[in-house]
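For the sequence shown, the numbering used here gives the first residue as 295, with consecutive numbering after it.
No lab work stands behind these hints, which were simulated from the structure alone.
All values reported here derive from a predicted model rather than from experimental measurement.
A virtual CB, placed ideally from N, CA and C, is assigned to each residue, including glycine.
Be aware that one or more of the hints could be misleading.
In silico DSS-like cross-links for lysine-lysine, where the CA-CA straight-line distance does not exceed 30 Å [said to hold, decoys possible]:
#, residue 1, residue 2
1, Lys478, Lys539
2, Lys522, Lys671
3, Lys522, Lys555
4, Lys563, Lys492
5, Lys718, Lys663
6, Lys665, Lys643
7, Lys502, Lys522
8, Lys376, Lys336
9, Lys522, Lys474
10, Lys552, Lys563
11, Lys505, Lys724
12, Lys478, Lys555
13, Lys586, Lys555
14, Lys365, Lys332
15, Lys673, Lys492
16, Lys661, Lys718
17, Lys376, Lys474
18, Lys603, Lys586
19, Lys492, Lys718
20, Lys548, Lys566
21, Lys365, Lys376
22, Lys673, Lys586
23, Lys301, Lys505
24, Lys742, Lys301
25, Lys731, Lys492
26, Lys724, Lys375
27, Lys742, Lys502
28, Lys459, Lys505
29, Lys643, Lys603
30, Lys673, Lys502
31, Lys492, Lys474
32, Lys320, Lys474
33, Lys643, Lys724
For each label pair, taking beta carbons as the anchor points, the in silico distance ranges come out as [what the hints assert, rightly or not]:
#, residue 1, residue 2, range
34, Glu447, Glu410, 19 to 25 Å
35, Lys365, Glu447, 49 to 55 Å
36, Glu567, Arg736, 41 to 47 Å
37, Pro697, Thr656, 37 to 43 Å
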Amino acid sequence: TMGIAQKLYEAGHITYMRTDSTNLSKIAVAQIESTVEKKYGKHYVSPRTFSAKSKNAQEAHEAIRPTNVTKASAGMNDEQKKLYNLIWARTLASQMADANVLRTKLTAQVGEIEGEIPDFHINGSRVLFDGWLAADPESRQDDVELPKVTIGEKLKLIDLKTEEKETQPPARYSEAGLIKELEKRGIGRPSTYASIIKTIVDRGYVEKINKSLIPTDTGDVVSSFLEKYFDHYINDTFTAEMEDKLDGIATGEKDYLKVLKEFYIPFLKDVKEKSKTSEKITDLGPISEEYKCPLCGNSMAWKLSRAGKFMSCTRFPECTGARTNEGLELKADEPIGIDPETQLPIFVKIGRFGPYVQMGETVKGKKTKPKMASIPKEKDPTTVTIADALHYLSLPRALGTHPETGAAIQANIGRFGPYVVHEKDFRSLKAPDDVYKVTLDRALEIFKEPKKARGFRKKKA
295 TMGIAQKLYE
305 AGHITYMRTD
315 STNLSKIAVA
325 QIESTVEKKY
335 GKHYVSPRTF
345 SAKSKNAQEA
355 HEAIRPTNVT
365 KASAGMNDEQ
375 KKLYNLIWAR
385 TLASQMADAN
395 VLRTKLTAQV
405 GEIEGEIPDF
415 HINGSRVLFD
425 GWLAADPESR
435 QDDVELPKVT
445 IGEKLKLIDL
455 KTEEKETQPP
465 ARYSEAGLIK
475 ELEKRGIGRP
485 STYASIIKTI
495 VDRGYVEKIN
505 KSLIPTDTGD
515 VVSSFLEKYF
525 DHYINDTFTA
535 EMEDKLDGIA
545 TGEKDYLKVL
555 KEFYIPFLKD
565 VKEKSKTSEK
575 ITDLGPISEE
585 YKCPLCGNSM
595 AWKLSRAGKF
605 MSCTRFPECT
615 GARTNEGLEL
625 KADEPIGIDP
635 ETQLPIFVKI
645 GRFGPYVQMG
655 ETVKGKKTKP
665 KMASIPKEKD
675 PTTVTIADAL
685 HYLSLPRALG
695 THPETGAAIQ
705 ANIGRFGPYV
715 VHEKDFRSLK
725 APDDVYKVTL
735 DRALEIFKEP
745 KKARGFRKKK
755 A
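Make a model of the complete structure from these sequences and hints.
Now the structure itself:
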């Protein structure tokens, strides 16, 4: 949505969109009043002002509105036109009279049941004056007309239906719902909401499924780690206070250097101390006694790997016993087949980074290590076939050479997921690009795109 709004802004159809301000300029209000009066009539005009819901609202900008409210439609495509129409309708509605809706409740009583007289209710509504709903008809609900009855009238039972309903757990956050919660807690700004959502999705902390944001195993681990070791920096109070300090810098009330020093010096010290603990963040906690290590019978613990959650012996690395997420035993020492080309055995093993396949046996003292490849998260390691293993072991794939440099281009899977690489230039592969199917031509297109930075790097003095 923010991308569509950006296009409307760049085309001059709407004002700056990365704001939660509710302010309108006097010129804009006058233009809105004139448009409402001409379109709907003078009795629909009702100028008003609104206070910001968030204490960190960016009041430096106007509220999002059309640059020309007399223009009811704008945009290059259906998405832009739909969003513009929403902004236009809500802008006009903000300066229009209230709607007058008659709401009626009808109550009917039946005979006494087990000492109680139950009530049955039905609610009706009818719009007497549409007011602002005239500009925003999609917000209007259909009238519900109730039957004409008199007090004390006896009703005839025509039909009786029984419906079984179950309560539902709270719904997962959607992007809009999460942004609303961030705004409520005073976290972030309109200019950063879109990047916050993009970051947690790109880093694999959440997955988007049918508009819902579902936490991943990686997200659970990162969240638990931050809550345990950096709780001061991620609580709402700290975030809100930092927002206030940044506001103070913007208004000139606070010195930016002093504010940044107060934050960065203790923060960098904490990062340095806690980085020693980072090797343990793959631990997800103990598992119930139902599951024992298949090799030594010891207790097991949840671990996080690139491929997702799995059960690992608590004596690892002394014992390599492991189970899948479902509790099935991973037999690492039995080959699942033979590579027809090299005649080497293929194993499914468990390691520090989770389940993987290995071609050939590990020989102590030998410098050359067997070829290995991670098993995808969605794949159950116990169902890996020889064909699957050879497919995974086909990485890295040589796609060809760059036409300008003559250097090789490869496709592979690494710490941050699938990627293509050319002369140390790593580019992530996102759906629908497939690491096993991506072509040289597609890789060249990706390298032509501007490279996105992962974060800030410390400059050398």
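Check your understanding: Do the alpha carbons of Lys365 and Lys376 lie within 30 Å of each other, as the hint requires?
Key -> holds, 14 Å
* To do: Verify the proposed pairing of Lys563 with Lys492, using a straight-line Cα cut of 30 Å.
  => OK: Lys563 and Lys492 at ~28 Å, within 30 Å.
Worksheet item: Does Lys555 lie within 30 Å of Lys586 when you go C-alpha to C-alpha?
Response: violated, 50 Å
*asked:* What's the verdict on Lys502 and Lys522, does the C-alpha distance respect the 30 Å limit or exceed it?
replied: holds, 26 Å
- request: Measure nothing beyond the straight line between the CA atoms of Lys603 and Lys586; if it is 30 Å or shorter, mark the hint as holding.
  value: Answer holds: Lys603 to Lys586 is near 16 Å, not above 30 Å.
Worksheet item: Within 30 Å, alpha carbon to alpha carbon, are Lys665 and Lys643?
Response: Given pair Lys665, Lys643 holds - Cα atoms ~12 Å apart, limit 30 Å.
* To do: Compare the distance between the alpha carbons of Lys505 and Lys724 with 30 Å, and conclude whether the hinted pair is satisfied.
  => holds, 18 Å
* Take the C-beta atom of Lys365 and the C-beta atom of Glu447, compute their distance, and say whether it sits inside 49 to 55 Å. => holds, 54 Å
Within 30 Å, alpha carbon to alpha carbon, are Lys492 and Lys474?
Given that 30 Å is the threshold and the Cα spacing comes to 16 Å, the pair holds.
- Is the hinted pair Lys673 and Lys492 satisfied, with a Cα-Cα distance of at most 30 Å? Holds - the C-alpha atoms of Lys492 and Lys673 are around 26 Å apart, at most 30 Å.
Handout entry: Agreement of Lys673 and Lys586 with the hint, judged by alpha carbon distance not exceeding 30 Å
Key = holds, 22 Å
query: Between Lys478 and Lys555, does the CA-CA distance stay at or below 30 Å?
result: holds, 28 Å
When the structure is compared with the earlier hints, a violation turns up for hint 13 alone.
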